[in-house]
Amino acid sequence: MPRGQKSKLRAREKRRQARAETQGLEVAKSTGAAAGKPSSSVFGDRPENLPAAGTPSTPEAPEGATSGATAAGSGTNPSKNINSPKAGSASSPKGTESSLSEILNNKVVLLVQFLLQKYQKKEPIRKADMLKFVIKQYKNHFNEILKRASDHMELAFGVDLKEVDPTRHCYALVNKLDLTYDSALNEDEHMPKTGILMIVLGVIFMRGNCAPEEAIWEVLNMMGVYADRKHFIYGDPKKVLTEDLVQLKYLEYRQVANSEPPRYEFLWGPRAHAEASKMKVLKFLAKVHDTVPTAFPSWYEEALRDEEERARARAAARAHTAALASVRSRAIASTSSQAN
Amino acid sequence: MQGNTKKMGVMTDVHRRFLQLLMTHGVLEECDIKRLQKHCYKVHDCNATIEKLEDFINNINSVLESLYIEIKKGVTEDDGRPIYALVNLATTSISKMASDFAENELDLFRKALELIIDSDTGFASSTNILNLVDQLKGKKMRKKEAEHVLQKFVQNKWLIEKEGEFTLHGRAILEMDQYIRETYPDAVKVCNICRGLLIQGQSCETCGIRMHLPCVAKYFQASSEPHCPHCNDYWPHEVPEVFNPEKERETGLSRSNKRSSRSRQH
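Protein chains in written order, with UniProt numbering: chain B, 1 to 340; chain X, 1 to 266.
By construction, these hints were calculated from the structure, which means they are not laboratory data.
Please read these numbers as outputs of a predicted model, since none were measured by experiment.
A hint or two may mislead.
To be verified - Using 27 Å as the maximum straight-line C-alpha spacing, the simulated DSSO-like pairs for lysine-lysine come out as follows:
#, chain 1, residue 1, chain 2, residue 2
1, B, Lys280, B, Lys238
2, X, Lys162, B, Lys176
3, B, Lys230, X, Lys162
4, X, Lys42, B, Lys230
5, B, Lys121, X, Lys218
6, X, Lys218, X, Lys189
What the hints assert, rightly or not - Going by beta-carbon spacing under 10 Å, a handful of chain B positions derived as facing chain X:
#, residue
7, Arg12
8, Phe157
9, Leu161
10, Arg168
11, Ala172
12, Asn175
13, Lys287
To be verified - Covered by chain B, according to a simulated footprint, are these stretches of chain X (three or more residues, beta-carbon under 8 Å):
#, segment
14, 9-16
15, 235-244
Note that CB positions come from ideal geometry on N, CA and C, so glycine has one too.
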């Protein structure tokens with residue numbers, strides 16, 4: 001009679017607990033918890049394991065993962081937590097020095113993963129987080145680990161680690177590659193669609209700020225993007241335009257009034273008005289056509305007018321903020337003088 | 001920075017852009033990956049000959065090796081399409097998902113994963129998964145929410161849905177192979193031919209061995225009367241066709257239009 005479900009689950013739990021105890025684990029919090037959710041760090045209670053036997057060794061790797069892991073149960077040897085439990089042999093030919101360099105290698109690997117996750121989520125990178133989730137007791141080696149990790153990031157991914165706030169020790173990962181061409185990555189979290197968005201915004205702009213859906217597809221078809229065909233960057237283009245970008249408020253998609261059978265049109269959404277500008281879009285279009293914005297005189301004029309209005313709006317906003325600030329500072333000054 | 005004896009490949013911006021784009025997508029099919037490679041060459045260096053994909057990827061992997069990351073190639077379990085994902089070898093958890101989902105959502109995935117692995121068909125019904133909603137760690141989740149979370153998993157290519165049932169996406173199988181083998185050692189199924197982790201497949205009714213559908217296709221492609229490789233009994237299931245990328249291109253079918261005609265056969 002096959003094992004019942006409950007008994008299987010119980011046995012599984014027991015096995016997990018047993019493994020956790022014998023290894024004297026430190027629950028790995030680095031990559032997962034780095035997202036700021038400590039309890040959801042890793043599935044189950046496994047540590048960050050670096051594979052032992054299967055991987056060919058380089059000086060960076062824990063090359064004798066076997067030599068690092070000594071007798072069982074020693075919770076104080078941190079390298080045990082990151083070495084594969086399969087590492088069996090007991091003797092370390094190089095002694096403590098090699099353990100430290102192995103540990104530092106492992107920390108570099110873990111830090112790179114941490115940075116990659118932060119990069120993909122566009123989250124700020126704080127020194128405090130790096131220390132807490134990755135470096136831990138090796139604070140003294142922080143600079144070395146960070147330097148090596150950022151070298152790796154630059155070499156392998158073409159991404160630079162820059163300290164953007166020296167007082168608060170905040171870092172950012174800056175892409176060294178120019179992304180305007182593939183529009184598949186960007187500072188914006190929904191980047192895969194940005195290139196297509198700029199083109200669509202351009203078409204709408206050129207059609208007097210409201211474009212019939214057919215006109216949009218005419219242009220996109222020329223680029224090899226079709227409503228009924230999967231695209232290797234944009235996925236399902238029809239869905240991207242009519243659903244995703246609308247939900248994100250970059251586009252408005254509405255039925256043409258009194259159209260029967262129903263036809264649809266696109267307009268700029270409120271977020272497009274906020275984040276893009278007619279001039280930006282015109283510049284993008286000019287670049288695509290290998291020319292300059294002034295080559296489109298009437299649109300250039302309209303874009304200029306739009307820029308003026310935005311500048312005026314910004315100035316007004318600044319004046320308003322400044323006025324508020326001075327009122328506030330006067331209030332503070334008067335209360336403090338009263339206190340004196 | 002290396003100074004090691006093993007020859008490491010050279011990374012150029014072509015490779016870096018490719019890596020960044022692959023990272024954004026999570027997982028890509030072979031045809032898309034080839035187009036991606038072409039695109040990266042075009043952006044940086046129009047005139048260079050495009051390196052063979054396998055060499056291109058091995059090149060990148062040799063640089064990523066010391067970081068315990070690699071571009072891994074796998075095959076979709078239902079129709080044998082080659083897929084590629086950037087996989088983290090340094091951990092045996094499912095931590096790649098951990099940054100995109102909340103604690104209770106991760107636990108839902110874990111419960112679904114467990115049901116899928118324990119099942120005979122490799123599929124877990126939506127109902128069975130949703131019934132476990134009360135047992136989730138973290139913030140309480142209602143069934144309606146859980147349905148949306150399951151859809152999020154599908155969108156992010158961790159699960160596949162077919163007729164109200166869920167199984168693992170090829171991406172999840174690639175990323176979590178080690179984790180699954182270590183966490184569920186007695187429930188995990190393995191293909192008799194390739195020895196790879198098996199979630200969906202066909203099984204012999206006599207001796208119980210299992211094979212991936214694409215492995216069945218390749219193994220039996222030349223035989224008119226298929227027999228079980230283990231017990232030699234007549235193989236009772238329909239043998240699928242071997243995946244042919246050329247044929248796919250000709251018909252120009254988009255994946256979403258093609259209905260999988262293969263039923264699950266266990």
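Here is how each hint holds up against the structure:
no. : hint                : verdict
1   : B:Lys280 / B:Lys238 : holds (24 Å)
2   : X:Lys162 / B:Lys176 : violated (41 Å)
3   : B:Lys230 / X:Lys162 : holds (20 Å)
4   : X:Lys42 / B:Lys230  : holds (21 Å)
5   : B:Lys121 / X:Lys218 : violated (41 Å)
6   : X:Lys218 / X:Lys189 : holds (20 Å)
7   : Arg12               : holds (7 Å)
8   : Phe157              : holds (6 Å)
9   : Leu161              : violated (14 Å)
10  : Arg168              : violated (22 Å)
11  : Ala172              : violated (16 Å)
12  : Asn175              : holds (7 Å)
13  : Lys287              : violated (14 Å)
14  : 9-16                : holds (count 3)
15  : 235-244             : violated (count 0)
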